[in-house]
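Novice: Line by line, the protein sequences are chains A and B. With UniProt numbering applied, the first sequence covers 1 to 272. With UniProt numbering applied, the second sequence covers 1 to 374.
Hints in this document: simulated from the structure, not taken from any laboratory. Values in this document were obtained by computation on a predicted structure and should not be read as measured data. Be a bit skeptical, because a hint or two may be false.
As the list claims (entries may be wrong) - Listed next, the stretches of chain B that the computed footprint assigns to chain A, with coverage defined by at least 3 CB atoms under 8 angstroms from CB atoms of chain A: (1) 249 to 263; (2) 311 to 321.
What the hints assert, rightly or not - Among the chain B residues that face chain A by a calculated CB cut under 10 angstroms, a handful are: (3) K171; (4) G176; (5) L179; (6) K240; (7) R349.
Think of the CB as a built atom: it goes at the ideal place given N, C-alpha and C, for glycine as much as any other residue.
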Amino acid sequence: MTEDSKFHHGDPVANKPIIEMKNIEKHFGSVIALAGVSVDVYPGECHCLLGDNGAGKSTFIKTMSGVHKPTAGEIYFEGQPMSFEDPRDAISAGIATVHQHLAMIPLMSVSRNFFMGNEPVKKFAGISFFDHDHANQVTMEEMRKMGINLRGPDQAVGTLSGGERQTVAIARAVHFGAKVLILDEPTSALGVRQTANVLATIDKVRKQGIGVVFITHNVRHAMAVGDRFTVLNRGKTLGTAKRGEIEHEELQDLMAGGQELVQLEGSLGGTV
Amino acid sequence: MSNAQNAAEKVDERIKERSRFREAMIRPELGGIVGTIIVFTMFALFAFDSGMFSSKGVLNWSQVSAQFMIIAVGACLLMIAGEFDLSVGSMIGFAGMLIAIFSVTLGWPVWMAIVVTFVICTALGAVNGYIVIRTGLPSFIVTLAFLFILRGFTIYFPQTIERKTIIGGVKDVAEGDWLAAVFGGKILTGLFSWFGEIGLIETFARGSREGQPVVDGIPMLVVWAIALIIFGHILLTKTKFGNWIFASGGDAEAARNSGVPVNRVKILMFMFTAFCATVFAACQVMEFGSAGADRGLLKEFEAIIAVVIGGALLTGGYGSVIGAALGALIFGVVQQGLFFAGVESSLFRVFLGLILLAAVILNTYIRRMITGER
């Protein structure tokens, strides 16, 4: 095991949180999307944000990544109060978001995608050229680390599976210095094997000391990699639980808002 | 950890081996390369003695091809960036008319007329791009509007100023002008007269130019075409900006998420397309010595056809400048070749349509191989 394995399942409270969101409120006109949500993320932990559709997960991460400005509440990044004007601010601070879609361009090669917006250049006769050799080499190396077999760095992203595309996007964010990685439902459209790959990638990223915010509504996926779990329901936090302190069924009930699912659970034989 | 590494290094059994030949074949330019070979083979077989492959014949079709190439490079980069410009043809007429009005009617020095025209036309390209970006309208519609606006002015200006639609006399005022020579001159004239002397190319047997070679140099039009192709190819494949062009056309939203300045890229490509159209116009005006209100008619479609034959995707994000140049070469060779072969010239359109169809079908197939789409 590598030296950074101390982060793995360690006690995150020993460190300082990398990002702290305190009592975040967000109103859209008369609609209260978030009514005081507090979440903090420590380096090297995977903080799962669970909630059913409409619980406010998306609004919350958009606030974290600078898309929305909170109506009320405070954001501390590495101990400093922060106010992101736009997503670019958040990205340059080290908060990277990997969207389920809109991450990769299928017609372009993996290497071109990997370095999109961050192209390495080398000077030749005073003119800056795209350093393809360097880009290809780094891409192949990063992909090998993530366990993706490429035919070559010039292989088009369109030939990769959905899970592999997510993995490339995650590897890219990590390579370019993300400190907090927000994954917006990375597994919701994937098959079993691809999901396993993405979860394994999350585990690898966490071991490198990056704080991962994993948004999902699948408790199974959350339980597989999560260190802490925060459940959102109707714009409020229903509490944060550490790994081992909470059971699968409890999370499921919290997400659904408690009661009704108990009945359903019985009739479905605990398969949800 | 090491276990995972080993597992990853093993070759995935699901990735099929591909032969080197197939690997080399799968590229956007393949359609253009195959088309070029077919076209040249056909004319070599059926029209070899027509004079098409004499030095004068070669000059003839390379000049026509060079014209197509100049506008195809601009259209190609713009199309890869995800936009169209239908105002290219009108821009050619407009730019030519401006040069003629400035230099002949207003009596400006020709170099100044050309420089001011370039500034005006690239600015118009920027306006095109700005409107497309700000309104979010399809560039098809915005530039279609400019197709009419610019053509209208191209007819209106000479009509009101000179009461005619053709302004001539540019050749006289351009005499000895340094910038005019950059568009209308010829290079390597010494080399070609030496070729004539050693009998490598034919010389005039009689008349006032007796003893001079029939081809006395490479026209600047051809030089511009080659220079623009090299510039466009390097820009697209070897620079950071080239990656942004692909990204902007491939998926503007994903590109923006990754920090690519999509708007700037698109506006610059509109400006470059306008620049190419102005180069075309300047060369044409210097060659003919006049500007006509109908110049450049339908050139926008010819540029787009050349680009599509060259393997670019109409929806953006994929293509090649070399391919577009080959598309333009096919275009020029077929057009002039049919003339040399004595084929009824209206059949040119039939050939063109067939080549376009064949190239697009082939390119769709190649693209599926590359991207794995089904």
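Novice: Now, for every hint given, state plainly whether the structure supports it.
Specialist: Hints versus structure:
no.	hint	result
1	249 to 263	holds (count 9)
2	311 to 321	holds (count 3)
3	K171	violated, 37 angstroms
4	G176	violated, 34 angstroms
5	L179	violated, 25 angstroms
6	K240	holds, 4 angstroms
7	R349	violated, 31 angstroms
Hint violations for this structure: numbers 3, 4, 5, 7, all remaining hints satisfied.
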